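Asks: So the protein lines, in turn, are chains A and B. Going by the working numbering, the first residue of the first sequence is number 1, and it counts up by one from there. Going by the working numbering, the first residue of the second sequence is number 1, and it counts up by one from there.
These are computed hints drawn from the structure, not numbers from a lab. If you're wondering where the values come from, they're calculated on a predicted model, not measured in any experiment. Careful, some of the hints might be misleading.
Same chains, same names: a pair is fine if it fits in one copy or spans any two.
[What the hints assert, rightly or not] 16 Å max Cα-Cα, derived EDC-like pairs, lysine to aspartate or glutamate: (1) Lys-7 / Asp-102; (2) Lys-35 / Asp-16; (3) Lys-137 / Glu-169; (4) Lys-7 / Glu-100.
Number of protein chains: 2
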Amino acid sequence: MELFWLKGYNSTSIADLLSRTQLNSGSLYHVFPSKQDVLIGVLEAYRDGIEQMLLEPAWGSVDDPIEKIFALLNGYRTMIVESDCAYGCPIGSLALELHEPDPRVRELLAENFENWTAAIVGCLDAAGKRLPPATDKQALAQFVLTAMEGGVMQARTHLDVAYFDRAVEQLRAHFSLLEKAAKTPA
Amino acid sequence: MELFWLKGYNSTSIADLLSRTQLNSGSLYHVFPSKQDVLIGVLEAYRDGIEQMLLEPAWGSVDDPIEKIFALLNGYRTMIVESDCAYGCPIGSLALELHEPDPRVRELLAENFENWTAAIVGCLDAAGKRLPPATDKQALAQFVLTAMEGGVMQARTHLDVAYFDRAVEQLRAHFSLLEKAAKTPA
DNA sequence: GACTTGCTTGAACGATCAATCAACAACCGT
DNA sequence: ACGGTTGTTGATTGATCGTTCAAGCAAGTC
Chain A
1 MELFWLKGYN
11 STSIADLLSR
21 TQLNSGSLYH
31 VFPSKQDVLI
41 GVLEAYRDGI
51 EQMLLEPAWG
61 SVDDPIEKIF
71 ALLNGYRTMI
81 VESDCAYGCP
91 IGSLALELHE
101 PDPRVRELLA
111 ENFENWTAAI
121 VGCLDAAGKR
131 LPPATDKQAL
141 AQFVLTAMEG
151 GVMQARTHLD
161 VAYFDRAVEQ
171 LRAHFSLLEK
181 AAKTPA
Chain B
1 MELFWLKGYN
11 STSIADLLSR
21 TQLNSGSLYH
31 VFPSKQDVLI
41 GVLEAYRDGI
51 EQMLLEPAWG
61 SVDDPIEKIF
71 ALLNGYRTMI
81 VESDCAYGCP
91 IGSLALELHE
101 PDPRVRELLA
111 ENFENWTAAI
121 VGCLDAAGKR
131 LPPATDKQAL
141 AQFVLTAMEG
151 GVMQARTHLD
161 VAYFDRAVEQ
171 LRAHFSLLEK
181 AAKTPA
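Could you put the whole structure together from the sequences, leaning on the hints where they help?
Replies: Here it is, written out as structure tokens:
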């Protein structure tokens with residue numbers, strides 16, 4: 001149930017889940033032994049569905065590997081705008097909302113991040129020689145995630161997408177500089 | 001009370017605050033009408049104390065303006081390490097933990113961010129011609145915040161400072177490219 | 001020494017929430 | 001038709017939490 005995404009984990013009560021799912025508490029507890037298990041289920045589903053839910057819609061009409069990265073970021077932008085800056089990256093929100101997460105939950109959050117950055121690494125690999133050969137693609141992919149999450153955080157705090165846009169713009173400048181550096185080797 | 005920083009707002013109960021402050025509930029409610037007012041007080045204190053609490057300790061022995069930025073980031077690194085990746089930026093945590101924040105609270109979070117980036121803008125201004133003249137210093141300062149928050153988030157999720165270090169390293173690469181671009185004008 | 005004012009005490013209240021469980025229905029194979 | 005399994009119902013429980021309040025205390029004022 002994607003209520004967790006909107007309201008957060010702690011603020012989403014079992015009653016919320018029940019009214020949304022039209023279930024009774026007993027039925028829910030028959031499937032999920034505890035509220036945390038619901039969260040685990042949701043995180044697993046998100047991890048496994050990232051391809052269809054995030055990448056495919058964003059990449060529908062984009063071929064250029066580097067533009068794919070920014071198309072994905074633009075997908076987040078759309079979500080921010082449509083939710084009036086309330087909704088950002090669900091994983092990032094949970095990562096900071098849960099202060100002493102269960103090991104399994106923390107692990108799933110990490111796996112979600114890893115899946116995300118793996119997709120970016122795929123783009124970077126496809127970009128081939130447009131980037132300097134010494135580029136640490138894993139670190140750069142994590143930096144893309146970093147920029148996205150930080151941008152989402154500021155947009156939400158200021159209630160203004162422009163903060164997200166500026167983060168993306170700075171990231172784009174970084175990529176421009178990298179591409180330029182790749183053309184004129186040291 | 002800096003319990004909010006460690007455990008988060010929702011997970012810190014009034015009872016926690018009482019035992020920590022050696023107060024009784026009545027006394028606390030005599031000063032702060034509600035729990036949220038405690039948060040507001042803490043956010044105001046943090047906003048006003050950022051200079052002494054964050055900048056001065058980090059910048060004690062650093063003069064170079066750009067190195068000051070990275071000295072500040074290194075201060076966050078220390079906090080991450082000392083808290084075993086549990087503690088990051090308190091403002092960032094609250095910004096994502098509170099999903100429907102009171103307007104005043106949201107405003108204070110934004111002010112804290114603005115104070116922070118203003119300090120970075122000061123460094124960028126001091127860096128003068130080492131950066132390309134067309135540089136949008138405000139946007140770049142926000143990007144530094146973005147990188148910091150994103151790095152903190154990933155370090156906490158993976159329980160590994162290396163994720164923070166890589167974000168800082170990427171940011172440093174970005175600054176290197178900017179400085180290089182400033183030397184060889186288009 | 002009465003009276004006010006400012007602050008403290010800590011038990012109590014009401015609300016919310018996650019979780020439980022005994023009773024019950026629906027479906028299946030035999 | 002029957003027993004067994006699986007899934008459902010929803011009132012209830014026990015715990016936690018934010019908040020309140022009547023009573024008390026200490027210090028200052030006239």
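Asks: For every hint, state whether the structure bears it out.
Replies: These are the hints, each one checked on the structure:
1. Lys-7 / Asp-102: between (20 Å within a copy, 14 Å between copies)
2. Lys-35 / Asp-16: Within one copy only: 12 Å inside, 24 Å across.
3. Lys-137 / Glu-169: between (19 Å within a copy, 13 Å between copies)
4. Lys-7 / Glu-100: between (19 Å within a copy, 8 Å between copies)
Checked against the numbered hints listed earlier, the structure breaks none of them; every hint is satisfied.
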